[in-house]
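Starting from the structure of chain A, add chain B where the hints point.
Respectively, the protein sequence lines represent chains A and B. Each residue of the first sequence is one higher than the one before, starting from 1 at the first, in the working numbering. Each residue of the second sequence is one higher than the one before, starting from 1 at the first, in the working numbering.
Check the hints yourself; a few may be wrong.
[As the list claims (entries may be wrong)] Simulated pairs of lysine to any residue, SDA-like, Cα-Cα distance not exceeding 20 Å: (1) A:K120 to A:P6; (2) A:K81 to A:G47; (3) A:K120 to B:P24; (4) A:K3 to B:A73; (5) A:K8 to A:V123; (6) A:K81 to A:D48; (7) A:K120 to B:E22; (8) A:K120 to A:I103; (9) A:K3 to B:G74; (10) A:K120 to B:V75; (11) A:K120 to B:G74; (12) A:K120 to B:S23; (13) A:K120 to B:L21.
Just so you know, these hints were derived from the structure itself, not from any lab. Values in this document were obtained by computation on a predicted structure and should not be read as measured data.
In case you want the letters, here they are:
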Amino acid sequence: MEKFAPVKRSEDGQPVRYLIVDDSVFARKNLARMIESFGGQVIGEAGDGVTAISEYERLSPDIVLMDITMPQMEGIEAAEKIVRDHPGARIVMVSSVGYQENIVAALQRGARHFVQKPVKPEVLYEVIKYVMRDDATAARGAGAGV
Amino acid sequence: MRMDLIQPFINSADAVLAQALESPLSIEDLSMEEEAYRRNGIAAEVALTGEIEGRIIFDVDLGTAVQLASRLAGVAVSETDDALVREAVCELANQIIGNAVTTLNDQGFHFHVLPPTLLTSEQGGKGTEDTEALVMCFSTSSGKVFMNVALHYHRRRAAERAAVAG
Numbered sequence: 001m002e003k004f005a006p007v008k009r010s011e012d013g014q015p016v017r018y019l020i021v022d023d024s025v026f027a028r029k030n031l032a033r034m035i036e037s038f039g040g041q042v043i044g045e046a047g048d049g050v051t052a053i054s055e056y057e058r059l060s061p062d063i064v065l066m067d068i069t070m071p072q073m074e075g076i077e078a079a080e081k082i083v084r085d086h087p088g089a090r091i092v093m094v095s096s097v098g099y100q101e102n103i104v105a106a107l108q109r110g111a112r113h114f115v116q117k118p119v120k121p122e123v124l125y126e127v128i129k130y131v132m133r134d135d136a137t138a139a140r141g142a143g144a145g146v
Numbered sequence: 001m002r003m004d005l006i007q008p009f010i011n012s013a014d015a016v017l018a019q020a021l022e023s024p025l026s027i028e029d030l031s032m033e034e035e036a037y038r039r040n041g042i043a044a045e046v047a048l049t050g051e052i053e054g055r056i057i058f059d060v061d062l063g064t065a066v067q068l069a070s071r072l073a074g075v076a077v078s079e080t081d082d083a084l085v086r087e088a089v090c091e092l093a094n095q096i097i098g099n100a101v102t103t104l105n106d107q108g109f110h111f112h113v114l115p116p117t118l119l120t121s122e123q124g125g126k127g128t129e130d131t132e133a134l135v136m137c138f139s140t141s142s143g144k145v146f147m148n149v150a151l152h153y154h155r156r157r158a159a160e161r162a163a164v165a166g
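Okay, chain A solo, but in the shape it has when bound (with noise of 0.2 Å):
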């Protein structure tokens, strides 16, 4: 896989650390590989969105990755949940159902970004960039992908 400028935290050049909330195990992975692709750490994984709630509450993580359709509880309920009580939370959706509807029902209940399946790791770190604004920190010619 591609190689990326390493994003970290402003604060203390650590690694950003990741929560990823997808009911497959296989999607996991594959964004597991790309945040390591981008420096990063996966600090949790959830597989529905009840879960997401308590692991975020436990871990406190920098990002969130939120997948929609899932058991349980699903993705926007979830992210609305997590905003709620936690107001500076950063939770990126990322689905294959991303019909304007659902985007902009994600994002009026606190997400932050809306990336689509098949995600792209070049789309996806722009994303992270973003989201993370002035938190985070990509070291310049560290690699490709920049």
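For chain B alone, kept in the frame of chain A given last:
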């Protein structure tokens, strides 16, 4: 079955599989299914509810599924790694069907998609006049991929929704 409901699935399968496999594919066969559905290999089913209701089955033989899983995972996946191969088929189904659902929703059809489930039975129900099944066979660099689409458009639900909105 309405072709405007089917075309997005063809376009989506074409786009998603071509991106995943990094090679073009072609439709080898397109036919209405007269007999009951019979599973070819590893199959994932996605159900739709709302103005459009029915199901789509994404079905590949084991050898093709292993190749698809390896391409998607970026590492060699073996036939013995059942769970990963099944997950790969479900995820591809999710991506193809999700992208088609996106197009249909943006065209004004409103419905909900449920998470993919692995289909374990050898045979499924026969399509009815309302939910006749269209079977597509795609020829890819990794082998043949089948998609079995049985959808029904609920004109009354769409009219009810329009009346509420209006």
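Do the hints match the structure? See the list:
no. : hint             : in the structure
1   : A:K120 to A:P6   : holds (17 Å)
2   : A:K81 to A:G47   : holds (16 Å)
3   : A:K120 to B:P24  : holds (18 Å)
4   : A:K3 to B:A73    : holds (16 Å)
5   : A:K8 to A:V123   : holds (18 Å)
6   : A:K81 to A:D48   : holds (13 Å)
7   : A:K120 to B:E22  : holds (13 Å)
8   : A:K120 to A:I103 : holds (18 Å)
9   : A:K3 to B:G74    : holds (14 Å)
10  : A:K120 to B:V75  : holds (17 Å)
11  : A:K120 to B:G74  : holds (14 Å)
12  : A:K120 to B:S23  : holds (16 Å)
13  : A:K120 to B:L21  : holds (13 Å)
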